[in-house]
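J.: Using the hints, put the two chains back together into the complex; each one sits in its own frame.
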Amino acid sequence: MTTTTGGPAVEVRDLRKQYGDKRAVDGLDLRVEPGEIVAVLGPNGAGKTTTVEILEGFRRAGSGHVRVLGEDPATAGRAWRSRLGVVLQSTDDLAEATVRELVHHFATFYPAPRDPEGVIDAVGLRERAGVRVRGLSGGQRRRLDVALGVVGDPELLFLDEPTTGFDPEARLEFWGLVERLREDGTTILLTTHYLDEAERLADRLVVVASGRVVAEGTPADLGGRAARRARVRWRADGTEHEEVTDTPTAVVTRLAARYGEVPGLQVLRPTLEDVYLDLIGTARTAASDAVPADLTEVAR
Amino acid sequence: MSTTAPARERGDARRTAPARRPASRQPGLLRVGLARTVFEVRGFARERDAVVFVFLYPVILLAIFATVFGRDEEVLPGSGVMFPQYFLPGMVATGVMLSSFQALAVAVAVERDDGTLKRLRATPLPATGYFLGKTGQVLVTSGLQTAVLLAVAALVFDVPLPDDAGRWWTFAWVALLGTATGAVCGVAFSSLPRSGRSVTAVVTPVVLVLQFISGVFFRFDELPGWMQQVAALFPLKWLAQGMRSVFLPDGATSLEPSGSWQHGATALVLAAWLVAGLVVGVRTFRWRRRDDG
Numbered sequence: 001m002t003t004t005t006g007g008p009a010v011e012v013r014d015l016r017k018q019y020g021d022k023r024a025v026d027g028l029d030l031r032v033e034p035g036e037i038v039a040v041l042g043p044n045g046a047g048k049t050t051t052v053e054i055l056e057g058f059r060r061a062g063s064g065h066v067r068v069l070g071e072d073p074a075t076a077g078r079a080w081r082s083r084l085g086v087v088l089q090s091t092d093d094l095a096e097a098t099v100r101e102l103v104h105h106f107a108t109f110y111p112a113p114r115d116p117e118g119v120i121d122a123v124g125l126r127e128r129a130g131v132r133v134r135g136l137s138g139g140q141r142r143r144l145d146v147a148l149g150v151v152g153d154p155e156l157l158f159l160d161e162p163t164t165g166f167d168p169e170a171r172l173e174f175w176g177l178v179e180r181l182r183e184d185g186t187t188i189l190l191t192t193h194y195l196d197e198a199e200r201l202a203d204r205l206v207v208v209a210s211g212r213v214v215a216e217g218t219p220a221d222l223g224g225r226a227a228r229r230a231r232v233r234w235r236a237d238g239t240e241h242e243e244v245t246d247t248p249t250a251v252v253t254r255l256a257a258r259y260g261e262v263p264g265l266q267v268l269r270p271t272l273e274d275v276y277l278d279l280i281g282t283a284r285t286a287a288s289d290a291v292p293a294d295l296t297e298v299a300r
Numbered sequence: 001m002s003t004t005a006p007a008r009e010r011g012d013a014r015r016t017a018p019a020r021r022p023a024s025r026q027p028g029l030l031r032v033g034l035a036r037t038v039f040e041v042r043g044f045a046r047e048r049d050a051v052v053f054v055f056l057y058p059v060i061l062l063a064i065f066a067t068v069f070g071r072d073e074e075v076l077p078g079s080g081v082m083f084p085q086y087f088l089p090g091m092v093a094t095g096v097m098l099s100s101f102q103a104l105a106v107a108v109a110v111e112r113d114d115g116t117l118k119r120l121r122a123t124p125l126p127a128t129g130y131f132l133g134k135t136g137q138v139l140v141t142s143g144l145q146t147a148v149l150l151a152v153a154a155l156v157f158d159v160p161l162p163d164d165a166g167r168w169w170t171f172a173w174v175a176l177l178g179t180a181t182g183a184v185c186g187v188a189f190s191s192l193p194r195s196g197r198s199v200t201a202v203v204t205p206v207v208l209v210l211q212f213i214s215g216v217f218f219r220f221d222e223l224p225g226w227m228q229q230v231a232a233l234f235p236l237k238w239l240a241q242g243m244r245s246v247f248l249p250d251g252a253t254s255l256e257p258s259g260s261w262q263h264g265a266t267a268l269v270l271a272a273w274l275v276a277g278l279v280v281g282v283r284t285f286r287w288r289r290r291d292d293g
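Chains as they are written, first to last, in the working numbering: chain R, 1 to 300; chain Z, 1 to 293.
These are calculated hints, taken from the structure and not from any lab test.
Among the clues, some could well be false.
[What the hints assert, rightly or not] To be clear about the criterion: a stretch of chain Z counts as covered by chain R if any three or more of its residues have a C-beta under 8 Å from a C-beta of chain R, and this derived list gives those stretches:
| no. | region |
| --- | --- |
| 1 | 30 to 39 |
| 2 | 43 to 51 |
| 3 | 111 to 119 |
| 4 | 124 to 133 |
Note that CB positions come from ideal geometry on N, CA and C, so glycine has one too.
Chain Z on its own, in the form it takes in the complex (with noise of 0.2 Å):
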């Protein structure tokens, strides 16, 4: 059997110089997790029908409740907090999730099924690269949607906004760690269904399910206890109750079940929701699908 027949006369010009491009440095992170970024969010623009249900669904809900319980009905009595202002905590918080975790869950299973994720493997993108991206989506998207919904409660449910710096900073780092919470265990979820077209199938009911344990929907005080303590084992509940410190005035710490707004309880369940989805996530993270070997 031959080994090498003599090539046709070309590329010749590689042969003598093998070593063509010494060394030449890999593009930083930073700036492939920025490039990553832009297309992502540009990607994800492009999908109109999902941008107008994730922009508009927290919106619309408030709407629905607040019309529903009454915009101008008290809480409870004598408390000065009005429904539209009760459920706004929660809304932003179901927010969150959705563009985090239903987003990711969603958009990864689904890149791993039509093979976007296995194209991008063969390049020289990092992994931590593709997930950079991902995350600066997510801020963005979940940024953006929160601003929505703040302006309309503000505009529309006349909700009065907190303002003074201590509310604020409390918001930023609930949402913060909320998103990013939110995001590792979407990457992790994304796993789970077989197909991306099975995805949201599996996905739908799961953020259904906390949304109605976690007091997005009704009020977290008047739910079955044992719902409360199921509800605590997820991030959700923390986030909205996060989200409630910074809405509610303190005298609403009345409407808890523990009496507070549990500050350190919840950076502790959302950090450990953290840990536990980029354990996870790192360790069963396919590039392709199941039945592609």
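The following block holds chain R by itself, in its conformation from the complex (with noise of 0.2 Å):
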């Protein structure tokens, strides 16, 4: 039962999952350490959910070494279950109960719950507890299952897709609630496909593309980026004129030199975003490299 003596909350090598022809997941690797936020990135269809089903025990894994919280998940049993939290895609159950009736009776599956009230504070769902489900909004919502998936006072927690379809304020919201958990010590794998999301959320992230970790690091790190050449761009004679260097400092001593002040100045390192879909841009390519390239691009 008590299996987390310093070893890895998750802990995947080399998962593989078939269906029919299509590779779902393929030679995957993964590791969580204790009260740590990973993110999984990744486009659509890239295997994120068949990766965290498989975690979460829904689905079995075709082949290779998975532990969650020391335990193989296809065969790990109840007490396995109530140390973990689970957040699945936006669902459209449960509309009859009102709030504070599902997080008391959520509580009750669990052999050590935190307490129902706190955690309906903590999710900001207070003024809304005596509301049935069908009546609160989409952040609300998912706020509740945040707030179901965590009343069991879990070591793990996994969020998939936790704010899609969320507006602006209701995400920034949703943030607020996931760092109070991180406050808590919690370990959480989160799959999203918003780069603001992870970078501002996750200690570490992990892209995925057609089944495989295709780069892995923190937010600023992330496929080198913070190694990677800049662009240095200026106006001079009427034209745009860019150059690409690894001492971008340098480029603008000299055009200073030469300008003064130099017409629209602007140096520019990659984003996130800019790393992110050049590695799933490559993954693709690499996937597909029998195709010729204009049919890939019809295909998408």
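T.: In structure tokens:
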């Protein structure tokens, strides 16, 4: 039962899962340490949800080594489940119960739950506690999902695309909620396709494409982003000039000596989005190199 | 590729105290089953339209049949059994089937479709706890429904209710066994419709046909012999017959094709369906939709 003595919260080596001819997960490796927040990024169909659902025990792995909180999810039992929190992709269930009833009810499934009223406060649904689920907004529903996911006081929380369909304000509020969970020390595995969300919340990003990890690192370092070459742009003689360089400061110094105040000066480093698109683009091309490029373009 | 970037300054309490909760005991099955029952009954009571129909359907049917056939008409001249009394057992049986078989087939299929089951699967709630809750809810609703029906029959249609313990004992075991069989078969049936939207369309004809051939709407002994034999394969006919043995006088066995109440056969057929429903239900039960892997 107590298997968390120092081991990783999640350990996946060479995970594979095939549906018919399609390799949904194709040799994926993943490691999440206790207390860490890891975001799994990737386009639709990259194998994120399949992977997470194998970790949650919903699907069986085709092959590979999978340990979640020290146990194999395919055979782990009730005691293991009571140490996990799972927030699935959004659903339409539970319409007729109120927030308070649901949080209290789910607490009865666990051996050592959190105080349900405290959880309702923590997710910011105090004012809506007596409201039936069908009366909640999308953002409130999602916060209820999180409340039901954490009421068992999990050591590891799965958040599957938690803010899809949110307006910007609801997303900011939701991020605040996740940050409070982080302060409690909850280990979180988050899947998302929002880069800003991953950058804001995660200690580490894992980019998945075509069923495998194509890059991994802190938001600042992903794909060697810091080391990538910068572009220096300026305007002269009525046209845009651009120079790609490893030493942007030297270029700017040179330009300053020539122009004084450099017209239209910009120093650009790749954003996380540039890096990400580059990474999944490369993975796609590698996966379909037998197909002419213009055809893959159309197929998308 | 870096393995573990240093986590930000947080969560260290967790890391230095790995076995935070040593082996806490899981909540007992009875407690979880009770919590689920309360939750399910409350959810059921809030679907007002469903409540009205489940509770009123047998009562309305009884009223219609009593009126059409005449509440002061004897089923057989000289038998002393009036039409309302003859139809009451069928309505009790049909009510039990609706609130067990139909209600669960629909509820489980809808809960599979809308993600309730998947959400529960992600918690430590054991499957047994879920089914205990469903069973508890069905027992509560079919009990209430039967009580309403009996009260209306006695007070409005002057149907004499049995006054000896032996008949109430028969009533109790037939009702309980019928409810359990219906509930288990309902869960097994819930995997048949392709989606929660189609489930009502798939269940309703089954329920209707069974009602017609099982002696709920007509005198069972007046149905064609082949129809009686087909009906005898399914539980509703036996449930209705068991209820007739409770609410009709002993002389009414003359209205039975076999000339007796056949309690042994009733228990046997219902139990066989109970076991078959359990086996099929356990083997085919899915927490997730068909299109969800």
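J.: Within the assertion that chain R covers the region 30 to 39 of chain Z, do at least three residues meet a Cβ-to-Cβ distance smaller than 8 Å?
T.: holds (count 4)
J.: Against chain R, does the region 111 to 119 of chain Z show at least 3 residues with beta-carbon separation below 8 Å?
T.: holds (count 6)
J.: According to a criterion of three or more residues whose C-beta lies within less than 8 Å of a C-beta of chain R, is the region 43 to 51 of chain Z covered?
T.: With 3 residues in contact (Cβ-Cβ under 8 Å with chain R), the coverage given for the region 43 to 51 of chain Z holds.
J.: At least three residues with a C-beta closer than 8 Å to a C-beta of chain R: is that true for the region 124 to 133 of chain Z?
T.: With 4 residues close enough to chain R, the hint holds.
When the structure is compared with the earlier hints, no violation turns up for any of them.
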